[in-house]
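So you can see what is in the structure, the chains are spelled out below.
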Amino acid sequence: MDHTEYPERKTYKKRMPVFWWTKHWSDFLFIMRELTSLPVAWSCILLIWLVRSLDEGPEAYYNFIDKLSSPAMIVINIFAFAGLVFHSITWFSLAPKAMVLKIGRYRVPGPLIAWMNYSGWLIASIAIICILN
Amino acid sequence: MSKKKIHMEPFWWTWFSVGGTAAAFTLPVLMLIFGIAIPLGWMEPPVYEELSGMLTTVTRLVILVIILLSLLHWAHRYRFTLYDGLQLQRYHKLISISCYGTAIGLGLYSIRILLNF
Numbered sequence: 005m006d007h008t009e010y011p012e013r014k015t016y017k018k019r020m021p022v023f024w025w026t027k028h029w030s031d032f033l034f035i036m037r038e039l040t041s042l043p044v045a046w047s048c049i050l051l052i053w054l055v056r057s058l059d060e061g062p063e064a065y066y067n068f069i070d071k072l073s074s075p076a077m078i079v080i081n082i083f084a085f086a087g088l089v090f091h092s093i094t095w096f097s098l099a100p101k102a103m104v105l106k107i108g109r110y111r112v113p114g115p116l117i118a119w120m121n122y123s124g125w126l127i128a129s130i131a132i133i134c135i136l137n
Numbered sequence: 364m365s366k367k368k369i370h371m372e373p374f375w376w377t378w379f380s381v382g383g384t385a386a387a388f389t390l391p392v393l394m395l396i397f398g399i400a401i402p403l404g405w406m407e408p409p410v411y412e413e414l415s416g417m418l419t420t421v422t423r424l425v426i427l428v429i430i431l432l433s434l435l436h437w438a439h440r441y442r443f444t445l446y447d448g449l450q451l452q453r454y455h456k457l458i459s460i461s462c463y464g465t466a467i468g469l470g471l472y473s474i475r476i477l478l479n480f
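Those protein sequence lines, which keep their order, are chains A and B.
Quick note: the first sequence uses the working numbering, first residue 5, plus one each step.
Quick note: the second sequence uses the working numbering, first residue 364, plus one each step.
Bound-form chain A, shown alone (with noise of 0.2 Å):
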């Protein structure tokens, strides 16, 4: 609806608290969820920080790393990492909904995709594990 050509015209909106998620728990899951694109942005930022150190040279790479240990640090990368966890199984249980994989005429099945990316997931970690120790 365009308000500039019936300006007279309005759309009810019903308002809602801020707080409306705090009364069910799958309204506060769905939140949660939406939140974890925070620590996304945040693994962003260390990726670049990271990344940084290392071209600077060795004494701002063991910097880095000293600021990681950090327990404040600590502390904000385990809930990043919480975080980023539920982001990876609500986004593969998802997948299958928002995408359908068609071979020839046989559908498959949503169930199937959701374990192909978390076999994907789980090789993909350990490959990173493996190359960087």
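Derived from the structure by calculation, the hints contain no laboratory data.
As the structure is a prediction and not an experimental result, all values here were calculated from the model.
Each residue gets a CB set at the ideal place from its N, CA and C atoms; glycine is no exception.
Be aware that a few hints might be false.
Below, in silico cross-link-like pairs of lysine-lysine (BS3-like), each with a Cα-Cα straight-line distance of 30 Å or less [unchecked claim]:
1) LYS456(B) to LYS18(A)
2) LYS456(B) to LYS27(A)
3) LYS27(A) to LYS106(A)
Some chain A residues judged to face chain B by a derived CB distance under 10 Å, without partners named [stated by the list, open to error]:
4) HIS28
5) SER30
6) PHE34
7) ILE35
8) SER41
9) ALA45
10) VAL55
11) ASP59
12) TYR66
13) PHE85
14) LYS106
15) TRP125
Got chain A sorted already, so can you dock chain B onto it with the hints?
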């Protein structure tokens, strides 16, 4: 009277979903290693020479793509979190500009760092 309107939503949503997938596969393990395992001493920090030696053109590009996609994912999702969670639909323009603006700013900075400008 028909006005042609360009709908940006599908565009942002595509990058949101590609970015969400890139983040889901790679970020938890990186946070586990650098954010928890190394600081708590479960894992030795990689030696400087080895880790910086891994930063080739290819790995830099891979990391850059992960960062850029994840930032777009963040911008899109956080925008709607503010709309729905905090009921801030009134400020949608301001919120869109600050979310995508932050993502683009950080993205440009990451390009500078990752491509060594």
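- Query: Should the interface hint for SER41(A) be scored as holding, given a Cβ-Cβ cut-off of 10 Å against chain B?
  - Reply: At 4 Å from the nearest chain B Cβ, SER41(A) passes the 10 Å test, so the hint holds.
task: Given the hint that LYS27(A) pairs with LYS106(A), test it: the Cα-Cα distance must not exceed 30 Å.
output: Roughly 40 Å between the alpha carbons, so the hint for LYS27(A) and LYS106(A) is violated.
Restraint satisfaction for ASP59(A) [CB to CB of chain B, less than 10 Å]
Nearest chain B Cβ about 7 Å off; hint holds.
Open item on the list: Given a cut of 10 Å on the nearest C-beta pair, is the interface hint for LYS106(A) held or broken against chain B?
Closed with: 19 Å, violated
- Holds or violated: is there a CB of chain B closer than 10 Å to the CB of ILE35(A)? Since the shortest Cβ distance to chain B is 5 Å, the answer is holds.
Hint status (Cβ of TYR66(A) to nearest Cβ of chain B, threshold 10 Å): 7 Å, holds
Using the nearest Cβ pair, does PHE85(A) come within less than 10 Å of chain B?
5 Å, holds
### Query
Going by Cβ atoms only, is PHE34(A) closer than 10 Å to chain B?
9 Å, holds
With a cut-off of 30 Å on the C-alpha distance, tell me whether LYS456(B) and LYS18(A) pass.
-> Since the Cα atoms of LYS456(B) and LYS18(A) sit roughly 20 Å apart, the hinted pair holds (cutoff 30 Å).
Interface hint check: TRP125(A), Cβ to nearest Cβ on chain B, cutoff 10 Å. Holds or violated?
Because about 6 Å separates TRP125(A) from the closest Cβ in chain B, which is inside the 10 Å limit, the hint holds.
Go through the hint on ALA45(A) and say holds or violated, using the shortest Cβ distance to chain B against 10 Å. Cβ of ALA45(A) sits 4 Å from chain B, so the hint holds.
Interface hint status, HIS28(A) versus chain B (Cβ within 10 Å): 14 Å, violated
The earlier numbered hints that this structure contradicts are 3, 4, 5 and 14.
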